[in-house]
Structures are given as C-alpha cells and as structure tokens.
Amino acid sequence: MTSIPCRLGEKSHLFKGNITEIAFNDHSIGFFCKYAKGKTVLDLGCVNHNPLNYRSKYWVHKALCGVASDCIGMDIDEEGVLFLKEKGYKVFVGNAENFNLERRFDVIVAGEIIEHLGNVSNFIECAKSHLNPSGVLVLSTPNPWHWRFILKGLFSCNVKPNPEHACWFCLPTITQLLSRHNMAVREIKFGSRNWLDRSLPLPPLIKHGTLNMAATLIQKKF
Numbered sequence: 009m010t011s012i013p014c015r016l017g018e019k020s021h022l023f024k025g026n027i028t029e030i031a032f033n034d035h036s037i038g039f040f041c042k043y044a045k046g047k048t049v050l051d052l053g054c055v056n057h058n059p060l061n062y063r064s065k066y067w068v069h070k071a072l073c074g075v076a077s078d079c080i081g082m083d084i085d086e087e088g089v090l091f092l093k094e095k096g097y098k099v100f101v102g103n104a105e106n107f108n109l110e111r112r113f114d115v116i117v118a119g120e121i122i123e124h125l126g127n128v129s130n131f132i133e134c135a136k137s138h139l140n141p142s143g144v145l146v147l148s149t150p151n152p153w154h155w156r157f158i159l160k161g162l163f164s165c166n167v168k169p170n171p172e173h174a175c176w177f178c179l180p181t182i183t184q185l186l187s188r189h190n191m192a193v194r195e196i197k198f199g200s201r202n203w204l205d206r207s208l209p210l211p212p213l214i215k216h217g218t219l220n221m222a223a224t225l226i227q228k229k230f
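Under this note's numbering, the first residue of the sequence shown is numbered 9, with each subsequent residue one higher.
It is possible that part of the hints are untrue.
[Said to hold, decoys possible] Restricting the straight-line Cα-Cα distance to at most 25 Å, the calculated cross-link-like pairs of lysine-lysine (BS3-like) are:
#, residue 1, residue 2
1, Lys45, Lys95
2, Lys65, Lys42
3, Lys98, Lys65
Keep in mind that the hints were calculated from the coordinates and are not lab data.
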C-alpha cells in the first residue's frame, strides 16, 4: 500500500469530506458532469494536488467516474497516480503538455491546471488531437478579476498568486488563445465555493473566484 503524506500545497489543497459523498451541486463539479454524463472522458490533473482528496466530496475525478460511460485520469504526479491505482481508479502518469494516448474522447476535463503549465498551446493541441469531432474541452481556472484580487491590487499593490501558477487567464485572453487553435467557447460559468462570494451583490465576473468554460472545435466549412 502506497503511503501519501500531505504535500504539494500541504493542507491548503486537502479537502475534507465523506468518501461516499459527491458534491454534484458544486459549481465546477456540476459544470463538468453536465458534459461528462454518459460520455467517454479523459480527466487531466486527476490527482488534484493531493491523492488523499479521493475521500472528498469535492474530488472531481470521483464525480466524473460516477456519471461517465468510461473515465480515465492522467496526472504528472507519479506517487499520486500509484496511490489512486491501488484504490481501483483507471489512472496513469502523463504530462498534459505532451501526451499521445492513441484514442479519442467525447470530453476532456482540465480542472485548475492550465494556470500551472509552461506551454499552454501544446496542451490545447494535445487535447484537440484526443477529442472526437464533436468533442468538448471543459476546463476551469482562477478568475483574475475576483474582487479579492482587485482589492489587494488597489490597497497594497501586492497581489500574490499561487506560487505554483505560471499565468492567469481572463475570459478575453483564453477565448483568444482557443481561437488561435481553431476552438470556440461554447459556455462559460463563474462560480465559487465561498459563501461570502456567492452572497455579494456583484456581477459574476467580479464576485466569483473560478472561471468554468466549455470549448469545442470549430468545424471547417468547405
């Protein structure tokens, strides 16, 4: 049995919860599962920082496995992947910027990983090559226009992003990036798990900390 200590972000990345419970009403899980239901799914970044999150109701991969017709996961964390394999999950080690599985999927999920990547263009091209013609890339990323970031920028001029993040994306920039790879935004939804965020009388663009997005291939017309 592989023993996994609390690491890769320590306790800040470790969710609590009942192993049998799944938070389908969560903004990101609900968004991902809407597209994954009954589909073949590839979940990139399935370990979610700490494999002990398999016990949490907020673990996306568990939710996807519960609704998809077939779901496999991929993560760069070798120890985490081994741990989850021992729990019975179909997961393997791979790099989201450079992978070739020699098969295609209806849906590719990439929750909170693009901000960690050094070459986002490679990631999009790899994802595209593994999507069926009508497939959907579903992703989430931190919202840089979240009201907490705005206040910190106004009053301290010292907005500190997650030290593991290499970039931030807002809706216009990620839309532009996808368009350069012949993909179009199908749906967007801002959300937050924080009760204060959800209760504030602010526009979704400002009050929520996460941007959820679904994108599809632009079909060429001949």
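Okay, the hints, checked on the actual structure:
no., hint, result
1, Lys45 to Lys95, "22 Å, holds"
2, Lys65 to Lys42, "17 Å, holds"
3, Lys98 to Lys65, "19 Å, holds"
Violated hints for the displayed structure: none, as all numbered hints are satisfied.
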